[in-house]
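S.K.: Work out the full structure: start from the sequences and follow the hints.
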Amino acid sequence: MSMLSGGPHPALPQRGREIDGGLRGDALVRELERANLLGRGGAGFPVARKWRTVKANGNGRAVVLANGAEGEPLSRKDRTLMVERPHLVIDGALLAADAVRASDIIFYVGNEHRAAVSAMRRALAERHERAAQRARLVEAPAGYISGEESAAVHYINAGDARPTVTPPRPFERGIDGRPTLVQNVESLAAAALHASGALNGTALFTTSGAVRRSGVYELPPDVAPEAVVDLAGGLAKDVQAVLIGGYFGSWASAEEVWSLTLDSNSLRARGLTLGCGVLYFLPADSCGVDATARIMSYLAGQSARQCGPCVFGLGAIATATRRLAERAPQAEDLARLARWSGLLAGRGACKHPDGATGLLRSALEVFADDFVAHQQRRCITRRALPDHSRVLAEAVA
Amino acid sequence: MAEQVAIDRIRCDGHGICAELLPEMISLDDWGYPIIKPSPIPLRLIEHAQRAVEACPVLALRMTRVSKAA
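From first to last, the protein sequence lines are chains A and B. Under numbering that gives the first Met the number 0, think of the first position of the first sequence as 0, with each following residue one higher. Under numbering that gives the first Met the number 0, think of the first position of the second sequence as 0, with each following residue one higher.
It is possible that some hints are incorrect.
[Claimed, not checked] Negatives, chain A to chain B, calculated, CB over 10 Å:
1. Arg-33
2. Ala-42
3. Gly-59
4. Asp-97
5. Leu-230
6. Trp-257
[What the hints assert, rightly or not] Restraint-style ranges between C-beta atoms, simulated for each label pair:
7. B:Pro-41 x A:Gly-341: 17 to 27 Å
8. A:Ala-42 x B:Arg-50: 32 to 42 Å
9. B:Gln-49 x A:Arg-100: 36 to 46 Å
10. B:Arg-50 x A:Asn-110: 40 to 50 Å
11. B:Arg-43 x A:Arg-376: 48 to 58 Å
12. B:Leu-42 x A:Arg-376: 48 to 58 Å
13. B:Thr-63 x A:Gly-232: 48 to 58 Å
14. B:Gln-49 x A:His-127: 39 to 49 Å
15. B:Arg-43 x A:Ala-344: 45 to 55 Å
16. A:Asn-110 x B:Arg-43: 51 to 61 Å
17. B:Arg-64 x A:Arg-376: 22 to 32 Å
18. A:Gly-232 x B:Arg-10: 34 to 44 Å
[Claimed, not checked] Computed footprint of chain A on chain B; a stretch qualifies when at least three of its residues, placed anywhere within it, have a C-beta under 8 Å from a C-beta of chain A:
19. 11-18
20. 45-58
No lab work stands behind these hints, which were simulated from the structure alone. Where is the CB? At the ideal position from N, CA and C, for every residue including glycine.
M.R.: Given below as structure tokens:
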């Protein structure tokens with residue numbers, strides 16, 4: 000059985016429990032460990048280890064928080080899964096609650112994903128298990144960091160979707176002070192399929208950019224990126240580079256991408272991450288500096304504005320990258336970016352500065368020639384200069 | 000037991016007093032926010048570290064036991 004029944008197109012929603020019988024409790028945790036199921040929210044933490052920790056900390060009063068906030072701009076897989084297979088997500092949450100001996104389940108669903116919110120509400124109303132009837136659905140506010148685990152817990156506890164200082168981490172002290180398992184909805188669905196012995200290790204990918212059909216695709220592990228491109232109808236344009244893993248992921252050059260297999264371990268060995276399964280194919284005629292500037296501006300704007308290094312550091316990075324993209328840099332902008340990209344990691348309450356500067360470092364490497372050209376007010380990708388007024392202004396000056 | 004300087008990044012407002020009192024362990028970035036050496040505080044600096052902790056106007060600084068988990 001797969002996660003999305005109808006491939007990229009919605010199948011008829013199921014009316015009730017999808018997983019009957021199969022592994023439960025510690026036996027399921029052992030199976031998840033054997034299969035080395037890694038979290039699909041972005042960080043890729045081993046699922047079995049998290050479940051064990053929450054169970055050990057929880058003393059029978061843990062909480063399961065099924066995370067479907069999906070604030071990642073290029074990701075669609077969580078909302079697609081919740082719309083197409085809400086019962087599978089619920090099955091996974093029930094199995095998790097049983098395995099970690101949680102007494103409460105909360106489904107945390109992005110409030111912009113209206114179809115996912117209604118699908119999950121409808122599916123919950125169709126369930127008769129006691130734990131499902133007790134479960135709550137909380138709509139997550141829009142924004143990149145609403146889904147960060149301490150922010151999710153903070154929102155549910157206090158209505159404030161900003162990260163909190165850790166420790167304590169949610170698995171130690173979360174909802175109402177109780178140990179809380181925060182687990183991405185795809186991870187829960189995958190766990191449910193593992194319980195039934197039905198999952199062959201597939202994962203969900205969201206592809207966009209130079210492919211003919213952007214969308215969410217389910218693929219077995221270890222596939223080559225070509226397989227994703229094939230499912231997405233092939234390439235509409237040549238590809239220059241690929242953003243792998245979302246805005247906290249990395250750019251990889253086209254040459255490198257075609258030699259990869261898309262599984263966590265081999266990606267990690269190359270310094271890349273599967274993250275939340277985003278694959279954005281940057282067309283050969285798009286400027287990597289410009290694409291990176293857009294991402295850095297977005298991420299700087301999504302800072303919770305609590306920690307100085309994030310507010311000012313990401314702000315400065317976004318501004319300098321924007322000046323470079325516009326071919327109007329200050330003399331030291333590229334050198335500053337190189338320095339700042341190594342200066343912010345580990346210096347926020349959450350990993351927002353770490354993720355953003357990780358992406359920037361990959362950009363400085365993959366688009367090294369482009370950045371140098373932009374520092375010299377040229378663009379090697381877009382030969383036709385779109386902004387004639389500035390060129391004229393500079394020529395006159 | 001070895002100790003480390005830890006900082007509450009949300010409380011920290013970048014006053015920079017800590018870097019003045021404990022320059023061996025703390026420097027400031029381009030925006031005036033502390034960068035802390037990840038190593039344990041040497042014994043000879045423990046008193047200075049304690050003073051830096053007490054001098055922080057927003058109580059963002061503290062000393063923690065070095066643990067492997069962290």
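S.K.: Work down the list of hints and note, for each, if the structure agrees.
M.R.: The hints, checked one at a time:
no. : hint                             : result
1   : Arg-33                           : 25 Å, holds
2   : Ala-42                           : 17 Å, holds
3   : Gly-59                           : 24 Å, holds
4   : Asp-97                           : 28 Å, holds
5   : Leu-230                          : 41 Å, holds
6   : Trp-257                          : 38 Å, holds
7   : B:Pro-41 x A:Gly-341: 17 to 27 Å : 25 Å, holds
8   : A:Ala-42 x B:Arg-50: 32 to 42 Å  : 37 Å, holds
9   : B:Gln-49 x A:Arg-100: 36 to 46 Å : 43 Å, holds
10  : B:Arg-50 x A:Asn-110: 40 to 50 Å : 48 Å, holds
11  : B:Arg-43 x A:Arg-376: 48 to 58 Å : 52 Å, holds
12  : B:Leu-42 x A:Arg-376: 48 to 58 Å : 54 Å, holds
13  : B:Thr-63 x A:Gly-232: 48 to 58 Å : 54 Å, holds
14  : B:Gln-49 x A:His-127: 39 to 49 Å : 60 Å, violated
15  : B:Arg-43 x A:Ala-344: 45 to 55 Å : 29 Å, violated
16  : A:Asn-110 x B:Arg-43: 51 to 61 Å : 54 Å, holds
17  : B:Arg-64 x A:Arg-376: 22 to 32 Å : 53 Å, violated
18  : A:Gly-232 x B:Arg-10: 34 to 44 Å : 51 Å, violated
19  : 11-18                            : holds (count 3)
20  : 45-58                            : violated (count 0)
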